[in-house]
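Could you slot chain B onto chain A? The hints should help.
If you're matching them up, the sequences are chains A and B in order. Reading the first sequence from the start, the letters are residues 2 to 113 in our numbering. Reading the second sequence from the start, the letters are residues 2 to 115 in our numbering.
To be clear, the hints were calculated from the coordinates, so they are not data collected in a lab. Note that the structure is predicted; figures quoted are calculated from it, not measured. Certain hints may be false.
[As the list claims (entries may be wrong)] Computed footprint of chain B on chain A; a stretch qualifies when at least three of its residues, placed anywhere within it, have a C-beta under 8 Å from a C-beta of chain B:
no., stretch
1, 49–60
2, 84–98
[Unchecked claim] With a straight-line Cα cutoff of 30 Å, these simulated BS3-like cross-link-like pairs (lysine-lysine) come out:
no., chain 1, residue 1, chain 2, residue 2
3, A, 45, B, 70
4, A, 58, B, 4
5, B, 53, B, 4
6, A, 58, A, 45
7, A, 15, A, 45
8, B, 4, A, 45
9, B, 4, B, 70
10, A, 45, B, 53
11, A, 10, A, 58
12, B, 53, B, 70
13, A, 15, A, 58
14, A, 10, A, 45
By construction, the Cβ of each residue, glycine as well, lies at the ideal position given by its N, Cα and C atoms.
As a plain string of letters, each chain reads:
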Amino acid sequence: NAGVTQTPKFRILKIGQSMTLQCAQDMNHNYMYWYRQDPGMGLKLIYYSVGAGITDKGEVPNGYNVSRSTTEDFPLRLELAAPSQTSVYFCASTRGGSYEQYFGPGTRLTVT
Amino acid sequence: DAKTTQPPSMDCAEGRAANLPCNHSTISGNEYVYWYRQIHSQGPQYIIHGLKNNETNEMASLIITEDRKSSTLILPHATLRDTAVYYCIVRLPHGSGNTGKLIFGQGTTLQVKP
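So here's chain A without its partners, still in its complex pose (with noise of 0.2 Å):
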């Protein structure tokens, strides 16, 4: 299993553009993350899917839009990006119960 792919590993946006990062899993799990994390920050969770065609926001949702059309993607779109959203952002999960979330490596985004 590739467990949890996040592309890109990096990215760096201008002021307004639009991106997608895209999150992919290959364990058959209904339930999937998003969370940002800012320097020296914890993780903050942006949304978030309890199965395919099910999403809602978490914590720190504005400026931001996910879908969940399979189970195995949830793709995190940014519109008019702002500097605000220079984070890392890590997708994660799990299927469920009490079991463990397994995290992706991550996207470094810059808005400049």
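Only chain B this time, still in chain A's reference frame:
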């Protein structure tokens, strides 16, 4: 989800046991204690979790006090590769409307020294 309190940093000598404390005095009866670590901005890595009993796996041991208000993560023989930020998180299991999201605090930065 209950809040946790951890010391911001700790040092440990290589080869010695690293004992990382965590307070979770408001933990509810069905909340689990999880430990994750993050090595140099990589994705967080799961270490161990428990509900009431002490737990051990190939990476670490988890000691939960009888009143469940605190716990200790033990790395029995710390190596330089264990230098990381360690997060203690309490959360409900999925089901009954619980989404299983993790709430990360600042964690403890463990520095293992030669």
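The hints, checked one at a time:
no.: 1; hint: 49–60; verdict: holds (count 4)
no.: 2; hint: 84–98; verdict: holds (count 6)
no.: 3; hint: A:45 to B:70; verdict: holds (24 Å)
no.: 4; hint: A:58 to B:4; verdict: holds (20 Å)
no.: 5; hint: B:53 to B:4; verdict: holds (17 Å)
no.: 6; hint: A:58 to A:45; verdict: holds (12 Å)
no.: 7; hint: A:15 to A:45; verdict: holds (23 Å)
no.: 8; hint: B:4 to A:45; verdict: holds (14 Å)
no.: 9; hint: B:4 to B:70; verdict: holds (11 Å)
no.: 10; hint: A:45 to B:53; verdict: holds (27 Å)
no.: 11; hint: A:10 to A:58; verdict: holds (24 Å)
no.: 12; hint: B:53 to B:70; verdict: holds (11 Å)
no.: 13; hint: A:15 to A:58; verdict: holds (25 Å)
no.: 14; hint: A:10 to A:45; verdict: holds (19 Å)
Consistency with the previously given hints is maintained throughout, with no hint failing.
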